[in-house]
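*Asks:* These are the residues of each chain, in order.
Protein chains: 2
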Amino acid sequence: MAKDKKQNRPKAITPKGFRDYFGSEVIERNQMLQKIAEIYHSYGFEALESSAVETVEALGKFLPDIDQPNEGVFAWQEDDQDWLALRYDLTAPLARVYAQYRNELPTPYRRYSMGPVWRNEKPGPGRYRQFYQCDADTVGSASIAADSEICMLLCDTLENVGIAEGDYKIKANNRKVLNGILESMNIQETSKRDAILRTVDKFDKVGESGIRQLLGKGRLDASGAYIDGVGLADGEADIVVAFLTSKGSNIETTLKNLKNLIGSSEIGLEGVNELETMAGLFEAGGYGSNKISIDPSVVRGLGYYTGPVYEAELTFEIFDEKGRKRQFGSVSGGGRYDDLVKRFTGQAVPATGVSIGVDRLLAALKEKGRARASGLGPVVVTVMDRDRISDYQKIVTELRNASIRAEVYLGNPKNFGNQLKYADNRGSPAAVIEGTEERESGTIQIKDLILGKKLSEAATLEEWKDRPSQFTVRRDELVQKIKEILNSYK
Amino acid sequence: MAKDKKQNRPKAITPKGFRDYFGSEVIERNQMLQKIAEIYHSYGFEALESSAVETVEALGKFLPDIDQPNEGVFAWQEDDQDWLALRYDLTAPLARVYAQYRNELPTPYRRYSMGPVWRNEKPGPGRYRQFYQCDADTVGSASIAADSEICMLLCDTLENVGIAEGDYKIKANNRKVLNGILESMNIQETSKRDAILRTVDKFDKVGESGIRQLLGKGRLDASGAYIDGVGLADGEADIVVAFLTSKGSNIETTLKNLKNLIGSSEIGLEGVNELETMAGLFEAGGYGSNKISIDPSVVRGLGYYTGPVYEAELTFEIFDEKGRKRQFGSVSGGGRYDDLVKRFTGQAVPATGVSIGVDRLLAALKEKGRARASGLGPVVVTVMDRDRISDYQKIVTELRNASIRAEVYLGNPKNFGNQLKYADNRGSPAAVIEGTEERESGTIQIKDLILGKKLSEAATLEEWKDRPSQFTVRRDELVQKIKEILNSYK
Chain A
16 MAKDKKQNRP KAITPKGFRD YFGSEVIERN QMLQKIAEIY HSYGFEALES SAVETVEALG
76 KFLPDIDQPN EGVFAWQEDD QDWLALRYDL TAPLARVYAQ YRNELPTPYR RYSMGPVWRN
136 EKPGPGRYRQ FYQCDADTVG SASIAADSEI CMLLCDTLEN VGIAEGDYKI KANNRKVLNG
196 ILESMNIQET SKRDAILRTV DKFDKVGESG IRQLLGKGRL DASGAYIDGV GLADGEADIV
256 VAFLTSKGSN IETTLKNLKN LIGSSEIGLE GVNELETMAG LFEAGGYGSN KISIDPSVVR
316 GLGYYTGPVY EAELTFEIFD EKGRKRQFGS VSGGGRYDDL VKRFTGQAVP ATGVSIGVDR
376 LLAALKEKGR ARASGLGPVV VTVMDRDRIS DYQKIVTELR NASIRAEVYL GNPKNFGNQL
436 KYADNRGSPA AVIEGTEERE SGTIQIKDLI LGKKLSEAAT LEEWKDRPSQ FTVRRDELVQ
496 KIKEILNSYK
Chain B
16 MAKDKKQNRP KAITPKGFRD YFGSEVIERN QMLQKIAEIY HSYGFEALES SAVETVEALG
76 KFLPDIDQPN EGVFAWQEDD QDWLALRYDL TAPLARVYAQ YRNELPTPYR RYSMGPVWRN
136 EKPGPGRYRQ FYQCDADTVG SASIAADSEI CMLLCDTLEN VGIAEGDYKI KANNRKVLNG
196 ILESMNIQET SKRDAILRTV DKFDKVGESG IRQLLGKGRL DASGAYIDGV GLADGEADIV
256 VAFLTSKGSN IETTLKNLKN LIGSSEIGLE GVNELETMAG LFEAGGYGSN KISIDPSVVR
316 GLGYYTGPVY EAELTFEIFD EKGRKRQFGS VSGGGRYDDL VKRFTGQAVP ATGVSIGVDR
376 LLAALKEKGR ARASGLGPVV VTVMDRDRIS DYQKIVTELR NASIRAEVYL GNPKNFGNQL
436 KYADNRGSPA AVIEGTEERE SGTIQIKDLI LGKKLSEAAT LEEWKDRPSQ FTVRRDELVQ
496 KIKEILNSYK
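Sequence lines, in order, name chains A and B.
Under this note's numbering, the very last position in the first sequence is 505; numbers go up by exactly one each time.
Under this note's numbering, the very last position in the second sequence is 505; numbers go up by exactly one each time.
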């Protein structure tokens with residue numbers, strides 16, 4: 016019977032691909048988001064928190080010939096037949112919100128959003144089905160100044176969260192240039208253009224020769240599988256590669272290289288001119304090429320971008336899981352998309368925006384030692400005499416009134432060793448001990464737990480030799496002494 | 016054709032019962048949560064952010080004889096047959112997390128969580144299917160000190176967000192007392208006890224005579240419908256009502272009244288003793304009866320509470336939708352529940368905790384004028400000459416460097432009136448105007464938009480008469496003058 020019962024118990028596990036965040040993980044992320052929001056807000060962007068649940072219709076995840084929502088979203092059917100789904104990004108809800116409230120919202124509408132999104136995809140190591148995004152978008156402005164502003168916003172945001180100048184690089188490009196080049200090459204089919212787009216997006220992974228093969232006949236990948244190519248002739252592939260590698264030593268050279276590639280394409284020229292305008296705005300804003308550069312190697316894979324695209328890369332080196340040095344890489348990207356609102360209203364609404372990969376940026380801050388929620392736990396006031404819990408409570412209140420994080424031990428106080436183990440487990444800087452003897456003599460004991468740990472790790476520690484890890488102080492010195500301990504570990 | 020196309024467009028609406036939050040709504044809530052977290056953290060509670068999605072099994076929302084999840088949750092079936100659901104509160108996920116990580120987590124485990132929860136219920140006015148909760152719980156402590164701590168934590172939290180002493184009251188009670196009284200009355204059936212519990216929970220709505228009727232034969236409610244009663248004899252109902260109204264002028268009287276009602280019930284006496292201990296801890300902690308009182312009229316409807324229960328009420332008066340004065344009422348409640356973790360592990364784990372109704376508390380702060388995200392929009396730098404956008408960009412950067420929220424107008428600059436309308440719509444304190452003339456003379460114009468609005472609202476405004484709403488300053492005085500305007504509206 017007992018066994019049966021056990022088998023009927025629910026399993027205490029997160030669903031596959033989901034995870035929990037504990038303590039400083041939560042605090043560090045919130046602190047980072049707060050610092051991002053500060054900059055977004057200072058640029059005139061307004062907060063928006065849309066609902067996590069959208070109609071599948073609004074998300075646009077129904078395939079035309081299928082009566083169930085597309086893979087990739089978590090969806091369910093309501094009793095009244097409506098399909099609902101969890102948002103998979105923050106851009107689709109923005110398009111819905113702007114279409115819904117367009118008469119009340121200012122135009123242009125600058126908004127930022129931060130929050131979880133959900134993807135019904137196969138989870139993998141480090142790939143979760145719920146993760147945070149943090150977006151800034153400007154809806155309703157066709158001006159290139161809006162795109163430029165987002166690039167400058169990205170610089171200020173990265174610096175505000177703690178990525179130093181020199182450790183990041185914003186790269187901007189323009190889809191119209193590539194479109195112009197493809198036009199000059201007389202490649203018109205959308206499917207072929209999309210295939211080229213997806214291929215060139217792999218430039219930083221497979222390099223110049225890899226891209227040349229993938230644009231042509233195809234190539235063997237590292238696993239030995241043969242990847243079919245796009246089927247361009249060698250001369251055509253050369254032109255695309257020339258585009259990707261057209262960045263010159265200065266902006267003038269880059270623009271000249273691009274002009275040579277676009278031939279007589281009008282859309283191509285428009286793209287080059289837009290890049291020139293953006294470069295001018297960056298310079299005027301004081302964002303030199305060490306911060307933002309025009310770099311045609313950045314194309315962004317998504318089909319829906321229509322003009323400028325941009326990406327933030329962190330340039331400092333880290334060791335990957337195999338111990339090899341590599342650049343940290345991209346933490347953010349975006350661009351101009353002009354058709355998302357049109358789905359709802361029939362009218363094209365120009366928009367441009369960026370999404371920050373919150374987990375990746377947080378990982379970068381940790382790498383740089385810049386995400387530091389204090390790992391210190393609370394001061395633990397131990398319980399020597401369970402009938403005197405109200406006295407211990409008073410001590411805790413006294414510490415808290417002095418802005419010291421503190422708690423009274425609430426487990427079974429019988430085994431005093433357990434209380435100290437608990438304090439260790441909490442990462443407490445100090446335990447406070449008040450038995451009858453101390454009580455009667457108006458004193459109190461403090462155990463410096465960090466020092467205690469250090470002393471137990473090394474037999475002789477010259478630097479600590481004058482500091483005993485446990486000592487008695489006058490009761491009225493308690494707060495002062497605890498403060499001294501806390502300060503010594505700052 | 017055009018019409019067909021229109022009908023195929025998705026509707027831009029939030030799903031029924033969901034809503035979006037804009038600008039200061041988002042900021043005010045975040046600021047309040049931040050202030051709550053400060054206090055929770057200072058009490059030694061650790062942040063936890065569990066995933067929004069849980070297995071239905073872990074949430075426990077499968078009815079035993081039904082193969083679909085219970086109503087009340089949003090759920091869907093995965094391809095591999097697992098049912099997943101959105102969390103409906105923060106307590107069920109805590110039980111799962113504690114069971115899952117119990118070997119790594121400290122015991123007792125004090126944790127706080129804040130975030131949205133989802134209820135698949137019929138929405139109504141002001142009742143949404145996604146809303147925020149903000150919980151603090153202590154898992155693994157059987158000590159009454161843990162319950163007392165949560166009551167004191169509530170006081171400090173309410174004061175920290177801006178509810179003044181005297182505007183709130185924490186009321187504590189103990190389920191064991193009522194259980195003891197029912198034991199003395201020889202009412203044993205769980206269903207009858209639950210019915211009594213649900214009934215007495217309506218005490219503050221229907222009053223003493225209403226409760227007496229509902230405990231007995233029943234009563235006509237305001238709509239004219241007859242509500243069946245629990246069926247207690249008059250003498251029995253009298254005892255229950257005596258319990259609800261047993262609060263005396265001081266704690267000693269209340270405890271004496273309760274002791275008279277519990278007869279010889281051991282569990283009842285345990286409850287009274289626990290209340291006495293709690294009262295002692297409140298007093299020792301400096302939380303007088305003006306802040307926390309023992310009040311037997313608070314029972315909390317939920318069946319799963321096993322000991323102390325507590326509630327935070329705001330006592331200041333507001334006008335309800337019908338213009339009648341009433342107390343603001345409850346913003347938070349909780350209690351001790353000892354069986355939630357047992358579902359997973361088979362071992363009872365004592366726990367106690369509280370949930371703050373985030374939307375209600377925020378509404379209270381607004382009522383008190385204490386939730387004030389600045390309603391001021393950014394300074395808007397207008398565009399007089401679209402070729403000089405980089406100059407306007409420089410002005411914006413200059414303002415931002417002086418910590419002034421500012422943006423350049425990004426819409427079509429052709430119609431200058433639209434730019435000022437936009438600035439008004441944004442709630443901008445000031446617009447900055449630099450045409451060719453100003454440029455050449457090293458000056459710049461500032462339009463004080465708030466003053467402008469005031470002047471246009473009243474014909475003569477003595478207090479403003481020396482301040483024109485639009486004026487010209489030297490270009491190098493811009494930042495200083497804008498600061499003066501901002502300061503005058505603080």
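These are calculated hints, taken from the structure and not from any lab test.
Since this is a predicted model, take the numbers as computed values, not measurements.
Any given hint could be a false lead.
Identical copies go unnamed one by one, so any copy, or any two together, can satisfy a pair.
Claimed, not checked - Derived SDA-like pairs: lysine to any residue, alpha-carbon spacing no greater than 20 Å straight-line:
#, residue 1, residue 2
1, Lys469, Leu435
2, Lys186, Arg415
3, Lys50, Glu40
4, Lys337, Arg454
5, Lys409, Asp253
*Asks:* Starting from the hint list further up, note which numbers the structure goes against and sort them upward.
*Replies:* 2, 4, 5
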